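Chemist: Okay, here's what each chain looks like letter by letter:
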Amino acid sequence: MFFHIEKGSSVPITRQLAGQIRAQCLSGVLTPGTRLPSVRELARELAVNVNTVFRVYEQLAAEQLIELRHGDGTFVCERVAAAEAARQLESQRQQYTLEFESLIRRGLLLGLTAADLRRKLTEALKEAGRSLEDSTAARENKS
Amino acid sequence: MTESVVQVQHLRKAFRSHRVLEDVSFEIRRGQTFALLGRNGAGKTTTLRLLLGLLSADEGVIEVLGRDPSKEPLALRRRIGYLAEDQAMYPSMTPLELCRFLEPFYPTWDRHLADDFLDRFELPRHTRIGRLSKGQSVKLGLVVALAHRPELAILDDPALGLDPIARKEFNRDLIEHLQTAGCTVIYSSHLLEEVESVADVVAILDRGCIIRQDSPDALRDSVKQIVMPAAAAAAAPRPASLLDVRRHGDRLAVVVDGAADFLQRLDVEGVEHEVVSLSLDSIFEAFVIGKPRRWPGTDLSAAITT
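Keeping their order, the protein sequence lines are chains E and Y. To convert a position in the first sequence, counted from 1, into the numbering used here, add 81. To convert a position in the second sequence, counted from 1, into the numbering used here, add 2.
Excised from the complex, chain Y in its bound form (with noise of 0.2 Å):
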């Protein structure tokens, strides 16, 4: 196995009265692409400020490369790159100024390798910076958060306000001067068609928890929507993971994880179904809106009335 570049266990944070984080854990070897998915307010960006040391966590264990963020925080952040969410640089500054600017702060910063980016992202160099489009501003805090060669990127939304066709550049570039050079990276989206093409591995952070990691294939292997008819149901067993339950007049279709489990029981209790795949914007419907108390025999009331 390769080495883990993070390491974060049993994280919790809270903003006064305002618990974001309750109990987040999760590992990321050296080399993959890791996304972290959720919806607004789920906890990301705190996940990954606490990942940078720029917020202290009130409980749990962080390594990242090695060290403690809390703790030697100016050290680490050398050999990290990081793009904020909606960054704001100086509008008043040009592109190539920022990059001049930038540099006495890193010891590793590659002049060359900056204005490579910048010739190959086709950023204006002389053009300021508050005249710039969306797309530009994400590609250039890219250039900046990359020209001091770190080994590990934490980019947050990076893909937040580009349209279509930005993303798919986006991608592109994580692909070809990230994933290529074996730069491990961490990025929050919501977008999760963008992510299942890119990431090796994606975690689900619900409520201040991550509830499902895994490769997106592996999840779609294992989450899988089954139907069959209402009246069969009440005899099978409840499967272990259940993540939703929705009636269809006498059909009822769920949404389970471990579905290889449940499908195997089903045959051997003869209940007649059908097997759906599902993208992985369902999944994680599912994993963070499904409703699996619905079962029948567990609230007959509720999945007699939906």
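So here's chain E without its partners, still in its complex pose (with noise of 0.2 Å):
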């Protein structure tokens, strides 16, 4: 499991991790019956407050993405039925959209040209490959 904290953003840490944990139970990266860590495990990885990784489990639970097990754990929910997450996922990655056009005009705003674009996206998918990559070498390892 592979979660990322930015200290100092603009986004709120629990806006952060609970858009996490939600695309990676909508994009089916982490699978239904998943274990999530418990909130103290998360709160100590992540050096984040206890509080704030509970808001934002509960929040997931709300949204029956995750399902909070008394005294045996958090899991990602087994209900979330199919067509919900499809749905679910077309819109974040509609809105996704949106927000990268926003940013491709905010670029283009600030002087930098296509090939400047361009190449910070081929930089940027590299970095992302390769801590995706990581996390799934360190999930595997784990099984």
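Don't read these hints as lab results, they were simulated from the structure. Predicted, not measured: the structure shown is a model, and the values here were computed from it. Accuracy of the hints is not assured; some may be wrong.
Sample of chain E residues facing chain Y (criterion: CB under 8 Å; computed from the structure) [stated by the list, open to error]: (1) Ile86; (2) Lys88; (3) Ser90; (4) Pro93; (5) Ile94; (6) Thr95; (7) Ala99; (8) Arg103; (9) Ala104; (10) Ala124; (11) Val129; (12) Asn130; (13) Val131; (14) Asn132; (15) Lys201.
In silico lysine to aspartate or glutamate, EDC-like type, Cα no more than 16 Å apart, as pairs [unchecked claim]: (16) E:Lys88 / Y:Asp283; (17) Y:Lys170 / E:Glu126; (18) Y:Lys293 / Y:Glu195; (19) Y:Lys293 / Y:Asp219; (20) Y:Lys226 / Y:Glu287; (21) Y:Lys73 / Y:Glu61; (22) E:Lys88 / Y:Asp219; (23) Y:Lys226 / Y:Asp263; (24) Y:Lys170 / E:Glu87; (25) Y:Lys226 / Y:Glu276; (26) Y:Lys226 / Y:Asp246; (27) E:Lys88 / Y:Asp60; (28) Y:Lys73 / Y:Asp60; (29) E:Lys88 / Y:Glu61; (30) Y:Lys170 / Y:Glu195; (31) Y:Lys136 / Y:Glu124.
Here a beta-carbon is modelled for each residue, glycine too, at the ideal position from N, C-alpha and C.
Since each chain sits alone in its own frame, please combine them into the complex, following the hints.
Modeler: Below, the structure written as structure tokens:
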């Protein structure tokens, strides 16, 4: 499981963490029935307030993406119906496209050229690929 | 609601003619992690020392764990763990000697816990304290502050002088050993990025007053930067809590607390605008050094010259 908190970002930590877990549940990176780290474990790992992690879990449980089984742990919901997941994934992808387009527009307004933007995209893809590989490798080592 | 562990009302403190605290009020509830933010000289250390009864206030009411620290400082300090800023410990002692030396002062000192902390913080037991690194000294300070299982931990700028990795480790220790143990924590800092991930509540201390107190998320929701055409802003109502105004050509960038209300009024007036979310750093900056007087109409000359 790979979550990453960016400090000093303009996106609040609760939203960063909830967004990452949600995206991974919806895209199937986290399969139904997967056990999530306990609140304490995740708080310690990310060096984030325990209550913050707890609030994120509660929020995702209310969205029926994860399930808090008392005394047993926190799991990715079995009941995330495939259709619902697909619908949410689609709407998230649409939102992402909008954000991406506005990011490109801002870059152009800041005087970056199309070539600059392409180069940044290539770099970002490479970087993202690397951290995804790391987390996949870590997952496979564990299982 | 859970009970309050610290209650401070209208605190005022001056050192001779130098007024450090003008009017400080706040409340901390059991189990909360409370971060006191402020620039150097804002009065953070003075506030914390008042809570411990190391100083006495000129005016105001302080209640810590249900007691008045100026009347019962010793009884209270047994229940509090304190890490002073740049804590000076006997440099010729070893960490183990320091623990044995302090043990008799605290009836609730837990020798096993102290040993356990020394292990977990990977502190050498037999090296002289004077030879420890800055990070190790802070950790030793934390061992000493926590070994008597305090109900309240008061940490004065614990991250001061720590490198980024040591700070993250320190945050982990704070979360693991204090938050999960239900200990109430009040700590001061000027590193907002560090504080945001750890604190339940942040309070901004500036020029002797707490000017804002809230959870980091609530603060971010409430304080926004709004960019709009400068010409249209003259028609818009001045926001109730304006923190900063900057003019960039024909655009006006304002930082507003209570953004939801102001945005609603802009919608009513039909003023075109863009909302920018701010990092906690920028929010702090707006509160402490923002220039709200540049709002057009109130001081036109200032708005034009910038």
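Chemist: Evaluate each hint against the coordinates.
Modeler: Evaluation of the provided hints:
no.	hint	verdict
1	Ile86	holds, 7 Å
2	Lys88	holds, 4 Å
3	Ser90	holds, 6 Å
4	Pro93	holds, 5 Å
5	Ile94	holds, 6 Å
6	Thr95	holds, 6 Å
7	Ala99	violated, 11 Å
8	Arg103	violated, 17 Å
9	Ala104	violated, 19 Å
10	Ala124	holds, 5 Å
11	Val129	holds, 5 Å
12	Asn130	holds, 5 Å
13	Val131	holds, 5 Å
14	Asn132	holds, 6 Å
15	Lys201	violated, 21 Å
16	E:Lys88 / Y:Asp283	holds, 10 Å
17	Y:Lys170 / E:Glu126	holds, 10 Å
18	Y:Lys293 / Y:Glu195	violated, 23 Å
19	Y:Lys293 / Y:Asp219	violated, 24 Å
20	Y:Lys226 / Y:Glu287	holds, 13 Å
21	Y:Lys73 / Y:Glu61	holds, 14 Å
22	E:Lys88 / Y:Asp219	holds, 13 Å
23	Y:Lys226 / Y:Asp263	holds, 11 Å
24	Y:Lys170 / E:Glu87	holds, 13 Å
25	Y:Lys226 / Y:Glu276	holds, 10 Å
26	Y:Lys226 / Y:Asp246	holds, 10 Å
27	E:Lys88 / Y:Asp60	violated, 39 Å
28	Y:Lys73 / Y:Asp60	holds, 14 Å
29	E:Lys88 / Y:Glu61	violated, 39 Å
30	Y:Lys170 / Y:Glu195	holds, 11 Å
31	Y:Lys136 / Y:Glu124	holds, 14 Å
Checked against the numbered hints above, the structure breaks hints 7, 8, 9, 15, 18, 19, 27 and 29 and satisfies the rest.
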